[in-house]
Amino acid sequence: MPVASAGAVALLTSWVAWAEPASVDVSTDVLVAEEASADEPAAPVEGTPAPPASSSYGGDSPPGAAPGSSEPDDERRVVVVKPRRPEPQRDRAASVVSSADLTERLPRSAPDALRGEPGVYIQQTAHGQASPYLRGLTGQQTAMFFDGVRLNNSTFRQGPNQYFFTIDSRTVDHLEIQRGSASTRWGSDAIGGALIASPIEPKLEPGRAVVVHPRVMMRTTTADAEVGGRAQTSLSVRGKLGVIVGAGYRDVGQLRSGGRVIAPQTGQPQTVPPVFGPDDETQLGTGFRELTDDVRLVWQPRRRHRFTLGYYDYRQYDAPRTDKCPPPTAPQDECLTYLEQFRTLAYGAYETKHGPAAAERARATVSYQRQHELREERRGSPSTTRLEGEDDVHTLGTSVVIDTRDFELAPWASLGARYGLDLYYDRLDSAEEIIFTDVDISVERPRGQYLDGAQYMTSGTWAEVHAELLDAIRLRAGGRGALVVAHAEGEPETSSSPVDRQWATAVGNAGIAADAVPWLTFVFNVDQGFRAPNLDDLTSRQQVGPGFQYENASLRPERSLSLEVGALAHHRWFELEAFAFRTTIEDLIQRDTREVDQCPMGDSSCSASRAIFQLVNLEGQAKVLGVEGGLRVYLPWDLGLRTTVSYAWGEGRNPRAGQAMQPERIPLSRIPPLNGLVEAGWRSERWGVHLVGVLRWARPQTRLAPQDRVDARIPLGGTPGYVVADLRAGYRLAPWILAAVVVENLADAPYRHHGSSTNGPGRGLVAELQFGF
Amino acid sequence: MTTRLLHLSVLCSTALLLAACPGDDTGSDGTESAESGSADSTGTGGDCVPSDEEIPALDESACTLAANDYTPTVNGSADDVWPACVNDDGDYHPLEAPGAAARVEAWEMIRSIFAAGLTPEDFTAAREQYALDQGIESRTVRREDVHYPNIPEAEQDPGVDFDKQCTIEANVMNYPDRCAGPAKIAPIINEAFMAGQTGEGDPAVHAARIDAAIGWFMYLSVIKEATFSCPRAEKGADCDSSWAYYNGATGRANPLGFGGDVMDVSPMSNERVFDGIAAMKCFRDTQPADMDSDTSDPLYGYGYDQLDRANNHAAAVVLRDRLGRQLPLCGSEADANWAWVQTFGQGLIKPAQDADSGQAATLTALLENDAPTPADIQAGVVALDALFPCP
Chain A
1 MPVASAGAVA LLTSWVAWAE PASVDVSTDV LVAEEASADE PAAPVEGTPA PPASSSYGGD
61 SPPGAAPGSS EPDDERRVVV VKPRRPEPQR DRAASVVSSA DLTERLPRSA PDALRGEPGV
121 YIQQTAHGQA SPYLRGLTGQ QTAMFFDGVR LNNSTFRQGP NQYFFTIDSR TVDHLEIQRG
181 SASTRWGSDA IGGALIASPI EPKLEPGRAV VVHPRVMMRT TTADAEVGGR AQTSLSVRGK
241 LGVIVGAGYR DVGQLRSGGR VIAPQTGQPQ TVPPVFGPDD ETQLGTGFRE LTDDVRLVWQ
301 PRRRHRFTLG YYDYRQYDAP RTDKCPPPTA PQDECLTYLE QFRTLAYGAY ETKHGPAAAE
361 RARATVSYQR QHELREERRG SPSTTRLEGE DDVHTLGTSV VIDTRDFELA PWASLGARYG
421 LDLYYDRLDS AEEIIFTDVD ISVERPRGQY LDGAQYMTSG TWAEVHAELL DAIRLRAGGR
481 GALVVAHAEG EPETSSSPVD RQWATAVGNA GIAADAVPWL TFVFNVDQGF RAPNLDDLTS
541 RQQVGPGFQY ENASLRPERS LSLEVGALAH HRWFELEAFA FRTTIEDLIQ RDTREVDQCP
601 MGDSSCSASR AIFQLVNLEG QAKVLGVEGG LRVYLPWDLG LRTTVSYAWG EGRNPRAGQA
661 MQPERIPLSR IPPLNGLVEA GWRSERWGVH LVGVLRWARP QTRLAPQDRV DARIPLGGTP
721 GYVVADLRAG YRLAPWILAA VVVENLADAP YRHHGSSTNG PGRGLVAELQ FGF
Chain B
1 MTTRLLHLSV LCSTALLLAA CPGDDTGSDG TESAESGSAD STGTGGDCVP SDEEIPALDE
61 SACTLAANDY TPTVNGSADD VWPACVNDDG DYHPLEAPGA AARVEAWEMI RSIFAAGLTP
121 EDFTAAREQY ALDQGIESRT VRREDVHYPN IPEAEQDPGV DFDKQCTIEA NVMNYPDRCA
181 GPAKIAPIIN EAFMAGQTGE GDPAVHAARI DAAIGWFMYL SVIKEATFSC PRAEKGADCD
241 SSWAYYNGAT GRANPLGFGG DVMDVSPMSN ERVFDGIAAM KCFRDTQPAD MDSDTSDPLY
301 GYGYDQLDRA NNHAAAVVLR DRLGRQLPLC GSEADANWAW VQTFGQGLIK PAQDADSGQA
361 ATLTALLEND APTPADIQAG VVALDALFPC P
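Protein sequences, first through last, are from chains A and B.
Reading the first sequence from the start, the letters are residues 1 to 773 in our numbering.
Reading the second sequence from the start, the letters are residues 1 to 391 in our numbering.
These are calculated hints, taken from the structure and not from any lab test.
Where hints are given, some of them may not hold.
To give an idea of the chain B side of the interface with chain A (calculated C-beta under 8 angstroms), a few residues [said to hold, decoys possible]:
1. 52
2. 97
3. 103
4. 124
5. 141
6. 156
7. 160
8. 167
9. 173
10. 174
11. 182
12. 186
Here are the computed distance ranges between Cβ atoms for each label pair [as the list claims (entries may be wrong)]:
13. 446/A / 370/B: 51 to 59 angstroms
14. 765/A / 96/B: 43 to 51 angstroms
15. 174/B / 340/A: 48 to 56 angstroms
We put the beta carbon where it would ideally sit given N, CA and C, even for glycine.
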């Protein structure tokens, strides 16, 4: 099969994932894989049209712009015409949330869209924040990308963070999850895996002078009284210039849950967080406002060349951090609020294809990203004190990805390669002031959360080679050389040490996939990962979930080795993926408890805290083991079943080992419990209707790290398990109308995702209505 | 020893500053002090004539240990009714270093700042210390006075921890005595800082109120942490907090903060408070750490009585000393000292009422008197001695 077709089929496979397997349903806007235009760049170059699975040869998601054939999600009414079979890009553990999935799930955010995917677990410290766990790791141990531009910056903190939330899910065409270490391709931080978001594209319509496709989306929910929407317009000029412009807004109220969860240790309802309202269901430290705007311009003067300019602006306002609203020990009206959580991304990309053999396809990107946070901590009555912290991260980045031609070495063997480089440079502004509101006097603190003016660079060059033998065995291998540099001036008043560090490292990967039969593939992969300490590790001081955390300027990089073995089945009646993995991490950076007298001199915030932590490299090896998988069954009459399951188990050396009563090894923090989902539904392309029942479940997680036991987000003894039922329904009259609803948490069950501050939504309705043409 | 010397120098400096303008009855803004008194009153403004009268010297010679007291400094506790405890060697051995010590350090810093000057900028600098993250303010706004009855269970929020009920505004409104921190102490501190930062009134008076209110908070914290929080499941470290609130997590001989004030006037009281805190720790260590303690255990009652008695006496001798200092003072110096007395003394009203309502009435009347005469003060001292005779 041509590579381009492979990608397109993958797209189609995803789109009608539950449609009758071999049906040929010719509806309007059919995109048939084999009819993919020659104008469309051939997959697997990073620029493939929205494939649901990773692109080939190492599983890269195509971060590049989709070609002219790519359409706004509302118009993709396509049908599979090819039998399913293992695709090269499925040769490692990965899954994709397609635009169809997004339409059906109606997620509250980009992370929310990932719930239920194998190996993924979503934690929420606040209603306006969410952090995806990949194979038990999150935050700075996962790499995030938007259209190939790295989102991770040097302030990503240990543990969960909110930054994937700053991707507007309504600008996303599909989300790809690559599980397991993947630093060869994605650089530092890709220890647990990588999350790759690909944006919706303007539709280029050759042969037509000017074509406009406006669309309005309106959305509301009952559990959190969300009201919002998005308006966007896609413009095509002579099939060569495409523009898509959009803006969205939503006002999200306080989240009503099913009630308090029961703490396993006490059998009693969990106390704060969150603080509940008088109805004992409404969670007070929740709600936020959100404004987004984006412009995407694609110019394809000739079929070999494509230019893209993208501008994505996300602005979140007044988002309380639930576990700090209030902290467990504070007045009930004390609150830490993210007054402003902004991310602005602007970039330009150039793609070319049909180049020389050594660079048949290429994409170069230059980007600028600004992450802005303005935090306000109101102490609550009767205090008149307010703290404000402001951090800005300016990131300049560039990356180049090049694919060689696939060389046919013999009739039974082909060889190709992909290679590239990337470089991202951060500059950090950080300040904090204390404000006495009764006298309107503010005093600047000696330092902010980070050291002001700190700089950070992460870079690397990489290459991956892939080969296919006998049309049944695929091999891949690659490596990266990386250089990371960190620099910060010290701050003597608070005994903040200067940082002047650099790390050079090399990582590699290798894998083999063998097709036992045309529809069944066995894979074995070895991937290395690394994460250099970032400015958060090296310079930050902050109140985190379990307590006060201060910096360690002497940290070493983490290095991981991920082994996975799995099976992928693409049968006409079912699809199966099943993986077992073992990730070992050397020099894992974790929090270790500290005594008051170990606090940095001059930092009273540290010494006054009940629980004090410092980041340290754990001696020895930490490991995360697990299994994960998913099964889709295709039944007659457009009926289908799907189930996923994820399990991870992690432990590392106890930094207190050797002391009295201290075990040698302890659980890693916030490892998600055994969890999964079951779906059963009817999806009729013919009628444009879907009706799906969903059961989401998780076992209790009572295996806690020491820091988990003092983390107010985790009930005493752990997080109880749950079973939550949802019902999804929708109707599409393409391209004019789409109406979809989700009735969530039918039983109004109280439940909490492990490590979260908020309980999940109570029984309620999520409704979305789209109009357009 | 160094810490002790530092403490003394800070205290002396503060006293000197509070006495910086003897006979000056105008505030920093040039207006007459609000607390003007009659000519025969002690020197709270007006035409002050320093009194040459004195209060009787503190006499604790008749004080003996109670039968059920924990006495680690007497034969290593071998002769008392208490079981073997970790603190039998006379030192205090915490589970972990308590963060409360940093609050005492911040209080000492505030005293240092005020000792160096009382400009609006000094008040802002001092307020920074007060408002540090997890600092004094963070605990003042929820501090309970456990001498008053607990908030009825029916009115407690089950979603809020038992010892955080005073973080609920309705409880603060309905139970201001129990919720003394947010209802009484914090407003005094905030108003004094605000006035000091804006240059209104007499800065020495503001500084004195701040110092006294923080002292009140520390005094309440000692008994609250040890007897109310510490006995609960997983709260054993709060006994350590009691120790830290008392003396900054230091040894017997070199206390900071409230313990330092006590040590200055009554080393015996300092010893007895230390023993009382150690007694509660000893009791807690006899109970399962992960379960609520059995407060019907006699040891709990013994420890509670010992600590409460010693802590109240310690506060009383500190207050007594301030009363004695009042007599020869005039002007701003006297205003400041009396403001200190009136602020700090409020903490002792309920223990006084519980001990002897008649003597308590004398004490209360004195504290409400803005222009006390020497006789009033001497009567107050007599009442204090009667109410809290021994540690």
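Okay, the hints, checked on the actual structure:
no. : hint                              : result
1   : 52                                : violated, 41 angstroms
2   : 97                                : holds, 4 angstroms
3   : 103                               : holds, 6 angstroms
4   : 124                               : holds, 6 angstroms
5   : 141                               : holds, 5 angstroms
6   : 156                               : violated, 11 angstroms
7   : 160                               : holds, 6 angstroms
8   : 167                               : holds, 4 angstroms
9   : 173                               : violated, 11 angstroms
10  : 174                               : violated, 14 angstroms
11  : 182                               : holds, 5 angstroms
12  : 186                               : holds, 5 angstroms
13  : 446/A / 370/B: 51 to 59 angstroms : violated, 42 angstroms
14  : 765/A / 96/B: 43 to 51 angstroms  : holds, 49 angstroms
15  : 174/B / 340/A: 48 to 56 angstroms : violated, 37 angstroms
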